[in-house]
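Peer 1: First to last, the sequence lines map onto chains H and V.
Per my numbering, the very first residue in the first sequence carries number 130; after that it's consecutive.
Per my numbering, the very first residue in the second sequence carries number 53; after that it's consecutive.
Treat the hints as calculated values from the structure; they're not laboratory data.
Built from N, CA and C at the ideal position, the CB exists for glycine as well.
Careful, some of the hints might be misleading.
Unchecked claim - Simulated coverage check for chain V against chain H, where a stretch passes if three residues somewhere in it have a Cβ under 8 Å from a Cβ of chain H:
1) 97-104
2) 150-161
What the hints assert, rightly or not - Interface residues of chain V toward chain H, partial, derived using beta-carbon atoms under 7 Å:
3) 86
4) 94
5) 145
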Amino acid sequence: KAGVTQTPRYLIKTRGQQVTLSCSPISGHRSVSWYQQTPGQGLQFLFEYFSETQRNKGNFPGRFSGRQFSNSRSEMNVSTLELGDSALYLCASSWDTSGRAIQYFGAGTRLSVL
Amino acid sequence: GESVGLHLPTLSVQEGDNSIINCAYSNSASDYFIWYKQESGKGPQFIIDIRSNMDKRQGQRVTVLLNKTVKHLSLQIAATQPGDSAVYFCAEPLSGGYNKLIFGAGTRLAVHP
Numbered sequence: 130k131a132g133v134t135q136t137p138r139y140l141i142k143t144r145g146q147q148v149t150l151s152c153s154p155i156s157g158h159r160s161v162s163w164y165q166q167t168p169g170q171g172l173q174f175l176f177e178y179f180s181e182t183q184r185n186k187g188n189f190p191g192r193f194s195g196r197q198f199s200n201s202r203s204e205m206n207v208s209t210l211e212l213g214d215s216a217l218y219l220c221a222s223s224w225d226t227s228g229r230a231i232q233y234f235g236a237g238t239r240l241s242v243l
Numbered sequence: 053g054e055s056v057g058l059h060l061p062t063l064s065v066q067e068g069d070n071s072i073i074n075c076a077y078s079n080s081a082s083d084y085f086i087w088y089k090q091e092s093g094k095g096p097q098f099i100i101d102i103r104s105n106m107d108k109r110q111g112q113r114v115t116v117l118l119n120k121t122v123k124h125l126s127l128q129i130a131a132t133q134p135g136d137s138a139v140y141f142c143a144e145p146l147s148g149g150y151n152k153l154i155f156g157a158g159t160r161l162a163v164h165p
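Turn these sequences into a full structure, and let the hints guide you.
Peer 2: What follows is the structure in structure tokens.
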């Protein structure tokens, strides 16, 4: 069974630009969560989508947004990029019915903002 | 490989030794904890979980211990192997569901032959 796939693996953008990251969850998983990982702040929850609806949201500015499609694939968008947005963005999918926090993570998209 | 954390605490062990990675939590109402492992260039991988009605849970070569009195949990890895070299995170769900996790800062485990 294929794992969680994130594309692209690497991105370089400049301040002020916007970026879209993509995540294909494991087949059958309906929940997709996004996390930001930086050396200074560690792993931080961005948001979770379930059945095309945002179910949970972390403490990030409105420049960070996402969506989920009917096939459970998800995208996240960051507008008006800032230097501090440079990070590894991780997507995780899960069954959501196990009653356990078992999330399957992709390898991430490393975003560098210059 | 890609840097996960530049200044993470590091535990260095010899191959074959047992490793103990510690994690403290602050919320006495926390009732469920998870350990994840992140190897260089990869996303975190689920290792084991434990609910607050248990003090100990064992998996394959791993044991998680929970001490609710001092709000502390630990991950023990038996007979540590080079493939265990990674960053280990404890985590717990934020209010709102199991797919909304808060992660600890992480501990880097370095296994030397």
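Peer 1: Next, verify each hint and record whether it holds.
Peer 2: Hints, verified against the model:
For the region 97-104 of chain V, the assignment as covered by chain H holds, since 3 residues bring a beta-carbon within under 8 Å of that chain's beta-carbons and 3 suffice. Only when three residues or more bring their CB closer than 8 Å to a CB of chain H does the claim for the region 150-161 of chain V stand; here the count is 9, and the claim holds. Annotation: interface hint on residue 86/V holds; nearest CB of chain H at approximately 5 Å, less than 7 Å. Residue-level restraint check for residue 94/V holds (minimum Cβ-Cβ distance to chain H is 6 Å; threshold 7 Å).
Interface hint at residue 145/V: satisfied, since its Cβ lies 5 Å from the closest Cβ of chain H, which is below the 7 Å cut-off.
Consistency note: the structure conflicts with none of the earlier hints.
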